[in-house]
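J.: Sequence:
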Amino acid sequence: MFSRQKSLVGLDIGTDEVKVVELTRTQDGLELTGFGWGKIPSPEETLDTVRSVLRESGIRCRKVATSVSGRSVVVRYITLPQLDAEELPETLRLEADKYIPFDRDEVCIDGQQLSSPNSEDDSSEEMKSILVAVKKDLLQDHIDQVQELGLIPTVVDVDSFALGNSFELRTEAGVQEEDSPRAVALVDIGATKTNIHIVRGSTSCFSREIYLGGRDLTESISRREHLDEAEAEDLKCDPQGNEQMVANAVQPVLDEIAGEIQLSFDYFENQFDFAVEEVFLSGGASQTVGLQETFERVFERDVKTWDPLVSIKVREDLVDVEALSEHLVQLPVALGLGSRIQDCV
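Mapping of the sequence shown onto the numbering used here: position 63 corresponds to residue 63, and the numbering continues sequentially without gaps.
Now the in silico label distances, taken between C-beta atoms and shown as ranges:
#1 ASP234 with ARG62: 28 to 38 Å
#2 HIS226 with ALA323: 30 to 40 Å
#3 PRO43 with PRO181: 39 to 49 Å
#4 THR26 with PRO181: 30 to 40 Å
Capping the alpha-carbon separation at 25 Å, the derived lysine-lysine pairs in DSS-like fashion look like this:
#5 LYS98 with LYS128
#6 LYS136 with LYS98
#7 LYS313 with LYS6
#8 LYS135 with LYS63
Don't read these hints as lab results, they were simulated from the structure. No experiment lies behind these values; they were computed from the predicted model shown. The C-beta atom is built at its ideal place from N, Cα and C for all residues, glycine as well.
Sequences and hints are given; from them, build the entire structure.
T.: As structure tokens, this is what we get:
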């Protein structure tokens, strides 16, 4: 039997879907001991969907890590004078007015020091830091929802950092060197937004959300082919021989998403003088016909999917392996949240 004290649930509540995983820390590393997925029929049915998914997954652990995102969440990469760890929280709070579009009293502020992606050029008198501000009402509503589900919120993260944590697990499997000098972009394409997180080695360098995603692709098919949205969504997910028609319908939106991502790459490369060498895709909409080819054409670099379970053993006696495989591309955020187990036990 697994001790509950060694398990943590990663709960990713999206706009259209709920993804939940249970990770357990053992002597041999992380194990996936629970998994569930469900479609959210309407915003009003979100909590009922989560309850159903948890019940059907068989997950018993009540400790959860969740995340927030959207326009009420602000992430900034800033430079500060060298500070002791205990000085950083208050300094970030005092500096926040310079970087966030909200009144300081309206937000919860957190952050940490970052190792620089170009540390050899760093002045010893300065330190790179990340500042995160979340509107208090969003955070409280989120916590209230989790508690209403009978769960214990132990970590509230940001989607992009959970994505980065999931990718960093690859170092445990030897897939990526921890101190690799290569900058890579993690691009997670969900229903209503696309999350971009650029990392170099284990250091977060850039984060941005683009408010375009799978729903925009569905709407493009719906308009062009005169279909209702349910039919367009089914066609997007399973073209059934109509791949060229779908590709033509979604192309304008794919070009728009790719163009916005390229702007982010340009900004990063100008700031740090490092090229983004590879792009790693995730998210349900990343499987849309023509997306990978469009991104490779626009970015002129390798674009690929990745396995977020490469360093995690799957307990096949506890998990529906077929369903897990079907939804694997949608799980990096949930797995990144679950990986915060070391912060909770």
